[in-house]
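Peer 1: The primary structure of each chain is shown beneath.
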Amino acid sequence: MDMNTKDINGNGNTKISKQNVDTVKKKFAFTEIWKKYSIAFVLLMMIVTISIIEPKFLSSKNIFNVLTQAAIFGIMSLGLTLIIISKGIDLSAGSLLALAGIIAASLGQVANATSKFYPNIGELPLIIPILVALGIGGILGTINGGLIAFTGIPAFIATLGMTTIARGFTLMYTGGKPISQLTPQFTFLGDKIGILPIPVLIYGIMIIITWVILNYTSFGKNIYAIGGNINAAEVSGVNVKKNIVLIYMYAGLMYGVAALVFAGRVGSVHPGAATGYELTAIAATTIGGTSHAGGIGTIGGAVIGALILSVLRNGLTLLGVQAYWQQIVEGAIIVGAVIVDMRKHKKKN
Amino acid sequence: MTEDKNILEMRNIVKTFPGVQALKGVDLNVKYGEIHALLGENGAGKSTLVKCLIGIYQKTSGEIVFESECIDNYTTADALRMGISMIHQELSPVEHRSIMENIWLGREPKTKLGFVDHNKMYEITKEVLKRIDLDEDPKTLMADLSVAKIQMIEIAKAISYNAKLIIMDEPTSALTNKEIDQLFTIMRKLKEEGKSIIYISHKLEEIFTICDTITVYRDGEYIGTERVSDIDTPTLIKMMVGRNVNELYPKVKCDTGDIKLEVDNLTSEGAFRDVSFKVRKGEILGIAGLVGAGRTELIETLFGLRKKTYGQIKIDGKEVDVRTPQEAKGKKMALLTEDRRLNGIFPMLTVFQNITIANLFKYENKFRLFNHKEAIRDVNEYVESIQIKTPSIYQRMENLSGGNQQKVLVARWLMTSPEILIMDEPTRGIDVGAKAEIYKLISTLAEQGKSVILVSSELPEVMRMSDTIMVMYEGRVAGILNNSKDLTQEEIMHYATGQIMKDKAEYM
Ligand SMILES: Nc1ncnc2c1ncn2[C@@H]1O[C@H](COP(=O)(O)OP(=O)(O)OP(=O)(O)O)[C@@H](O)[C@H]1O
Ligand SMILES: [Mg+2]
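From first to last, the protein sequence lines are chains A and B.
Quick note on numbering: the first sequence equals residues 1 to 349 in my numbering.
Quick note on numbering: the second sequence equals residues 350 to 857 in my numbering.
What the hints contain is simulated information worked out from the structure, not anything from laboratory work.
Here the structure is a predicted model, which is why all the values come from computation and not from measurement.
The reader is advised that the hints may include incorrect statements.
Restraint ranges, calculated between C-beta atoms of paired labels, are given here [as the list claims (entries may be wrong)]: (1) B:GLY619 x A:GLY146: 27 to 33 Å; (2) A:ASN215 x B:ASN614: 45 to 51 Å; (3) B:GLN797 x A:ASN215: 29 to 35 Å; (4) B:ASP670 x A:GLN327: 56 to 62 Å; (5) A:GLN327 x B:GLY619: 54 to 60 Å.
If you want the ones that stay clear, here's a sample from chain A, every Cβ over 10 Å from chain B, calculated [as the list claims (entries may be wrong)]: (6) SER60; (7) ALA113; (8) TYR118; (9) ILE153; (10) LYS177; (11) THR183; (12) ILE195; (13) ASN229; (14) ALA232; (15) VAL235; (16) SER236; (17) VAL238; (18) ILE296.
List of simulated lysine-lysine pairs, BS3-like, C-alpha gap at most 27 Å [said to hold, decoys possible]: (19) A:LYS241 x B:LYS715; (20) B:LYS722 x A:LYS221; (21) B:LYS680 x A:LYS242; (22) A:LYS221 x B:LYS461; (23) A:LYS241 x B:LYS656; (24) B:LYS711 x A:LYS242; (25) B:LYS681 x A:LYS242.
C-beta atoms are modelled at their ideal positions from N, C-alpha and C, and glycine is treated no differently.
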């Protein structure tokens, strides 16, 4: 009878399945670890390879150099990670950085600067340029988000428009001239405390804040939901429009922070600053495993992605590779990383 | 003559996914001209097996013999060429393309010059649609069709391959009686032509109506194969579940209280008009009707997903204006939607994320940070109580079986502890055992004084669960019936097909 058939089959199969389960478990554990940390392995391997060829790479000075280089587009990529998880994109990151940076810089010049932008005001405390940079980033980010959420135009288009507009404003604001001679307070943002570079410190703080937001707040969880299935998010009671605005606003704030670090480090801002930075930041996020199909991505990944790019640039320079080649290698790495990442998400096996 | 020959023999099939052994060595033998039911609980491995057969998955080990030939390592395109086609459990239409482009996707008829021959495509699509008795213009966009229609198109597509073996994975879960009858007629015709069908369904009446043979799996293991004529429902259920399920619909009659929700002349232009009804605390209101009767649109309006043209909604006697799902949730309403792929699940997110998404506020501490520990505990509780089969709560939703995805959605909404729970086809694709469990949960809610609105195309479900039944016909309320023992399916169908309304009109 039927129940007998089951028993016979059941017994016949237990042996096979037991064996299978064990091998499956082993394989499972390995693939899981590989899946989770594959991109970290890549970073590790790059570091090992480069430092074997050029031991100078591992000097603490150089390591902090790498981290400092990563800080600016790393901070931008934190905001972009939230955006891309929500299945959006932001092409305006670089030009928002420039606009926020140049206006902040114009309010952060020393009193006796040779070409002072506002000759009538003296030296302002650092808090003013900080608030201005964050304000501009936040407001323009909000406009990005508002356009996307309330008019329904694709993020690509909305932010492409914003890119051009913000760059235009930047040029108009200074008449095309750079702004330099920032206060010591301001350039301190690009300096060091002991051996610790301030940009790295700021990057670290932003990483922690963003990580907490993404993992421990309703806002963070809503971001995954919006990227995962926007209709289902709506039905589940997620205020989709509000959250989209908040996402782009948060990203704008990150560009503002990055603008301050940029201005502090370089000591001046010119109207064409940070052109193309958004692409580096998007690349960092993407290398870090954030999926442009939405719903998938981590802050840890974005940080590793930024480090990979920074290590690569620094390493290739140390190894004396020509700048042209650096670009070609970088492009190949970005595409390669995404291919690896897509394979890991493939369902079939 | 061919009566006893097997068209398909699958032996000792094993399929493993990372962390899950979905099939542990199962068999399936299908004869020529046979309708063979494949049965089992959610997650038993039915879909996995047929996906191995159609070439979507590669089996880990085992043997497949089709028409006396051993086949291995083939793609879906190969399978279609060999004469195996499939109606998928999860629909995947290309939304913004027409019916005909969907049906002939990837094999469009060509002109001599190699361009797509749209005229021919139009004609042959008409023919195919006629075979399944569907009266739609082949140029209609898929996005403009109802779920049921899309399902019928999928059926048309599977038939259009002229396959010798057609796999149907829960084809009726989105259909109503009329279309199910249509489908059965087609199936009988195919059978007469000597074609074989593998039929997967959780609706046992269908099995007894249309199938010749059944094969049952449980937890990826083969349980047995029987002729339908040799078996009865309790035995079948026991084979599937491994125990006796006595009360399938354990509705506890309970006292109803004050009016919780009152709807007056609610109208949404083009969908339904002048709908009025009341639901009391502790009452289960069933809404019956055919596809297109406006049931889904009605509850979408209640939940703020659709604009009302006019009319009143009162909760606890106070008029409310619900314009968004957030507002509805604020009024302690919950809505389990009908179309789980479109606006139900988050495929790439985990089971945990899928359940908690509507409940985030519950787990915020005073710093507005998320308390994972508590949430994990509660999610695990639900996973256990409605038997969601998943290796862990961190499994991605897309890796769960269809029925288990549905259970996750049920858990999501039960967890919001709603005062008014609206469910649109809540047990779609859910197995008998788990169905009983969900009914029990709904009953418990009613006992606690919550109001439940249950939309279902399964009349037995509505009749056993509801205190009151509202029948809709073409966007209007055809009748509101007190559910008593004397109420028959026929009577409800009279209302649902508009006969009684018309009768009344004639008297007036
Ligand atoms: N791609 C996948 N990755 C991991 N696990 C999977 C995958 N597909 C299916 N499974 C698992 O395999 C088991 C069998 O799933 P399957 O979809 O075959 O069930 P089913 O019998 O069709 O159930 P239902 O009646 O709910 O549709 C389930 O436990 C499911 O979680
Ligand atoms: Mg299935």
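Peer 1: Hints first: check each against the structure and report whether it holds.
Peer 2: Structure-based check of all given hints:
1. B:GLY619 x A:GLY146: 27 to 33 Å: holds, 31 Å
2. A:ASN215 x B:ASN614: 45 to 51 Å: holds, 47 Å
3. B:GLN797 x A:ASN215: 29 to 35 Å: holds, 34 Å
4. B:ASP670 x A:GLN327: 56 to 62 Å: Holds, at about 58 Å.
5. A:GLN327 x B:GLY619: 54 to 60 Å: holds, 56 Å
6. SER60: Since the minimum Cβ distance to chain B is about 35 Å, A:SER60 lies beyond 10 Å and the statement holds.
7. ALA113: Given a closest Cβ separation of 43 Å, the condition holds.
8. TYR118: holds, 40 Å
9. ILE153: A:ILE153 is indeed farther than 10 Å from all Cβ atoms of chain B, at 18 Å.
10. LYS177: A:LYS177 clear of chain B: closest Cβ-Cβ about 45 Å, beyond 10 Å.
11. THR183: Nearest chain B Cβ is 36 Å from A:THR183, so the label holds.
12. ILE195: holds, 33 Å
13. ASN229: Per Cβ check, A:ASN229 is inside 10 Å of chain B; nearest 5 Å; violated.
14. ALA232: violated, 5 Å
15. VAL235: violated, 5 Å
16. SER236: Non-interface label on A:SER236 violated, nearest chain B Cβ at 4 Å vs cutoff 10 Å.
17. VAL238: violated, 7 Å
18. ILE296: violated, 6 Å
19. A:LYS241 x B:LYS715: holds, 25 Å
20. B:LYS722 x A:LYS221: holds, 16 Å
21. B:LYS680 x A:LYS242: holds, 20 Å
22. A:LYS221 x B:LYS461: With Cα atoms ~54 Å apart, A:LYS221 and B:LYS461 exceed 27 Å; violated.
23. A:LYS241 x B:LYS656: holds, 18 Å
24. B:LYS711 x A:LYS242: holds, 20 Å
25. B:LYS681 x A:LYS242: Measuring from Cα to Cα gives roughly 21 Å; hence the hint holds.
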